[in-house]
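J.: Chains as they are written, first to last, in the working numbering: chain A, 1 to 545; chain B, 1001 to 1789.
Any given hint could turn out to be false.
[Said to hold, decoys possible] Coverage of chain A stretches by chain B, computed from C-beta distances (three or more under 8 Å per stretch; other residues unrestricted):
1) 46 to 56
2) 215 to 221
3) 297 to 310
4) 409 to 416
[Claimed, not checked] List of simulated lysine-lysine pairs, DSSO-like, C-alpha gap at most 27 Å:
5) Lys297/A to Lys1337/B
6) Lys297/A to Lys1273/B
7) Lys268/A to Lys1277/B
I should point out that these hints are in silico values taken from the structure, not numbers from a laboratory.
Even for Gly, the Cβ is constructed at its ideal location relative to N, Cα and C.
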Amino acid sequence: MQTNAAVTPSTLSRRDLPWQISWDIHTCTLCGRCTAICPVNAIEPGVFRKRSISSPAFGLKDKPGSSFSVYHGIRQRTDPGYACVGCSMCSLVCPNNSIEPVKSEITDMLRFHRDRAGLPRTRGGRRNNSESVLDQIKFIRISMLTDPALDAGRHEFEMRTLIGRVLSPAKAIKAQREKGWMPPVREIYPLLIGGMSFGALSPNMWEGLQMGVAYLNEELNMPVRICTGEGGCPPRLLRSRFLKYVILQIASGYFGWDEIIHAIPEMKEDPCAVEIKYGQGAKPGDGGLLQWHKVNKLIAAIRGVPPGVSLPSPPTHQTKYSIEEAVAKMIQSMSMAWGFRVPVYPKISASSTSLSVLNNLTRNPYASGLAIDGEDGGTGAAYNVSMNHMGHPIASNIRDCYIDLVKLGMQNELPLIAGGGIGKNGNLAANAAALIMLGASAVQIGKYIMQAAAGCLGTEGDRCNICNIGRCPKGITSQDPRLYRRLDPEMVAQRLVDVYVSFDTELKKIVAPLGRSTSLPTGMSDALGISDKGAAERLQIKYVV
Amino acid sequence: MSGINTVRLKGKDESGRVSSRVLEERIQEAVRSGAQKIEIEAFGQHGLGGRIFLPEDKQIMISITGSPGQRVGAMGSPGTTIEVHGPASDDIGWLNAGAEIIVHGYATNGVCNAMAQGKVFIGGGIGSRGMTMTKFNPRFSLPELWVLGCAGDYFAEFMAGGTAVICGHDPREPENILGYRPCVGMVGGRIFFRGPVRGYSQADARPVPVSDESWQWLSGNLPVFLEKINKLQLLEKLSVREDWHCLVARTPLEKAGGLTRSMNDFRREVWDKELGKGGLIGDLTDLDRSPVGLITTGDLRRYVPVWENRKYMAPCQASCPAGIPVQERWQMIREGKADEAVDLALAFTPFPASICGYLCPNLCMQGCTRKAGNLDPVDITILGKRGISSRVPALPPLSGTRVAVIGGGPAGISVAWQLRLMGHEAVIYDLEKVLGGKMSTAIPEHRIPGEVLNAELKRVRLVIPHVRLSQRLSGNEFEQLKKDFDYVVLAAGAQKPRTIPVPGSERIIPALTFLKNAKQGRQDTGSRVVIIGAGNVGCDAATEAGRLGASEITLIDIQEPASFGTERLDAENAGARFRYPCFTREVTDEGVVLTTGELIPADTVIISIGDAPDLEFLPENIATERGFVLVDGKNQTSDPGVFAIGDIVRPGLLTDAIGAGRKAASAIDEMVYQAMPDKQAFRLKSLPIDYSETSERIDYSRMTLEYYDPRATEYNDLAGCASQCSSCGSCMDCGLCEALCPVGAIERKVLKNGQFERISDPHKCIGCGFCGKSCPCGIWDMVENFPIG
């Protein structure tokens, strides 16, 4: 800033920002790449004064002097609107390793000024907290000699799960005998890609993920499924055989559903399932929030809205006034859309009220499962307060629900899908296996895939997190071709395949010592231990030290 | 068999079954005692025939009948031959290190597990996990497994060395002689097999043709095998080369290469084929979505530099009420055209020296960008003072339009000057003998040397005729002027001093009267002077009082004095004291009595709380407000033929009056030439500069001031001043952007009219912003590229 500019309450110094740009004058070659790439214009070319003082021997003829010069370099802007987000793209493009953001170790002052014009901070990303109960859970049952110990590398595994309502043998036999209706059930891979909309994600990212999923199914025989999120589905995909790998999501904004309805008579395949989104873990109680920056012509066309407008979805589905009505009515309608051939399940934010929803579903013959998204879920756009402070951890929520099903004798009937923070610290298979053993039939991931398959730079340390404004430096969540063309769909697809194949190996490494190879150890909580006594009691798993 | 030392051992004797430990002790004892052949009637004992360590030249034969237990020949040694006369249990040849084992029947699971050397011949089929974990040790001959029948499931897992031969004769599984999922983890060795298989781990093994060399080995060893198991009659059947196949382990390199379809192939052959050209959204958009790098040029840049030369007005010019393009003048000086720079001012003001050089508070300097950057503004007074020598510009022929200007002060002279420069005849009517209004009559000489003002007024008189009025203008005379002239401009100023209604107010001298008298040397002050109203006029009065000999000068005001600048400083230097808040109760012959009762002794009491215009002569159709003439933005009054400028409109600075005169002249000129746009255009072109008076002021943040040394605070000459001007908004052609551009994208291009422009080549530019953020003049702007999609 100008040294004599007026100080306002929101005038901050470089030191007050969460990230400081460290720039090395000696190695910088002034190539301009860092300033060209910075997604938020946090850095700019700068002209700097330099003064040096000469001090000849005092008292003689020569007097001390001052000489003035100028040098060019990189300046970090301190205006809160242009604060560095720590993405490190500058560092990525710097040919000389001359520049990088450094996270401030002191409490930044910026956090107190992110409400300009009375607008609280919104952002993309995830809860800025890297703690994870899932990471603390250990798999303590290693059956070397007690059970036939399996070799993850040699044994053949069927890592599959069922989505759909699995009738009890008695009911199934009855239905068969009476030629009655059998609920649709899909046998799928237990690691789902959760709902990330076409719009939240760039076209190249979306296509990359879909392509990778198709590859896993068709080339590697892994029945991986991906949920569309709320934003419709491209017409071509709806009319392709790849639709069977897709879970269509309907949420409170109902974006893109006219296209889906138009496509129904032309579909070659039924979709894998329909997910009714009532809530998401990142921002419980709040609806989708696609900001206008990202609603270009293409997105508008797919969603069925005018371009350039913000698209908030209502926090709740309209026209539904009780849980019975909301759940029953939606499940009924969505089941009917495909002649009751497609599993339909709701997705809710993990909540202390999850059990009420679950109990309701157990009485609904058309309910195919329940997806629960914990507080650590990510999002493309939400209020910071919702992301950081709203929501329920997934571990105890999924555990409560599973135990509830056990009490009802329905643990094999109604599958639970867990999400939110799986792999948040990179431990994807361990977290997934822990949730499965706590009671989930499947788990779903979003952020992890963005990080692993597309190089998303976001972390729980509030890095980057600008998904909402369309400036994603990796092109993952931008709708600007200048940015999303940085992302090659084929590379995303290939990375997705790598992630799944290696996840599969890791999951086997965990379940093989338990002696499981042909069925997922859902609810096998005697294999779990934790060194936190409170957590052990709460989760009803072993306390180990 | 006779003649050799044979020992017979029984697995079951009179005391019952012999334990494996005891039978093993007996075998080792027999070996130590020199037995060459041991015949064992087995009864489920473990590990028979293994671990028999002999000198190199010795051989031993172990012949087993009955039912051996698991791990026959485990850890077998060279020189040991084991013959099992019947089927064998699990793990035969386990960790075999050199024994030859013959089984005349089938063997169950785990045949040859981890075998490193030796040969195992099976006269039937084998169970699961045969030939697994076998080793490769080049110091010894490699292990061999010969199976007459077929292999069980998980055959050759983690096989690392040796050769397995599966003859597929009379197989248990005729459709699949290698069992389920063979070769998982296989890293070495080879497998010859004869018969159909249902797959193997393609990630680990690959088929190779049976080469001549291989066939020579196989066909040469087949009779040996068949002879061992007493099935030589099968030789012909098994010797059909075409029936044999071979699998070998893939090398790590081959494994890394991947067996699956490449993603690129998948996209072309599967994905796009199913979805159509362009993939997922090929039907919705034809946007190019192919990958690009991080640093892009052309349309793919996020930001684009735009050369905005002279798009915005420099702050100095925008601050000057007279609209003088100050930065243009410094540019001319930098270009060596000092005279032109000086003369240019006359197009804007008739008083460049008097006002810019002396009397003006120099709003241009107050608005100077340098000031915003904590630097001293460029000193315009040096340039202004040079204006004394400017010659009268060439005057255009008269247009025939005549304008009467009432008032010969700075406002009146300005409008008349401008009108004449525009080709219209203007006549000034004034009460005073000399032109110049308060500049001539009231402003003290210490502020403006008489010779400077006189020289400029002399120049003015060369341009404008002056009619001296004998008396104040009456209403009738005004109407007559309106008839005689096309337009009338009111510039009579504010002549009526304001005063305060306190007892003794008749003792008070209005400041204007005091100053006029003082200037003419007709004023006596006494030693004590009190001035009511401490504004700049009050300050002038105080300074004059000091000059005239007053020693005790007090300025009082009801609030904090509004005086500033030179006037204030001069008054302070004259010893004036400022007091506030002071409310006058009365003025007596002793001085000023305040409402507090305090008496400030005074020989002379002067009041300077402003002057009001005398509007008595104005007709009713000219609207007034609070004693001033009401005008619109063009200084036009409610009578379209009458304009009003200067203090008659509102009290202001001299430069405000000059500016208003120019504005009114332009408005009249426009009205005259409304029907002749060509002529107007000609007039604009005739100015020696090009600029737009309607441009917005450039944003201060665009200029880069770091190039200027904050210690450079004294300006001695024009060149020194010009070197410190940042030329806001106008390119000074320094070429820094060209030098700084990291990709050399910027080029200077000379235009047909002799001007130049700079362009940034979109094929080279990466949008880094160096040009924009380093330009001293703020010419380059970085704008977001056009939206795509």
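J.: Report holds or violated for chain B covering the stretch 215 to 221 of chain A, Cβ cut-off 8 Å, minimum 3 residues.
T.: It holds, with 4 qualifying residues against the three required.
J.: Against chain B, does the stretch 409 to 416 of chain A show at least 3 residues with beta-carbon separation below 8 Å?
T.: Check failed, 0 qualifying residues.
J.: For the pair we were handed, Lys268/A and Lys1277/B, check the Cα-Cα distance against 27 Å.
T.: holds, 19 Å
J.: Below or equal to 27 Å on CA atoms is what counts here, so check Lys297/A against Lys1273/B.
T.: holds, 26 Å
J.: Quick one: see if chain B covers the stretch 297 to 310 of chain A, three-plus residues with Cβ-Cβ under 8 Å.
T.: Three-residue rule met by the stretch 297 to 310 of chain A, so holds; n is 4.
J.: Has the stretch 46 to 56 of chain A got at least three residues whose CB is nearer than 8 Å to a CB belonging to chain B?
T.: holds (count 4)
J.: Given the hinted pair Lys297/A and Lys1337/B, is their Cα-Cα distance within 27 Å?
T.: violated, 56 Å
Of the numbered hints stated above, those contradicted by the structure are hints 4 and 5, listed in ascending order.
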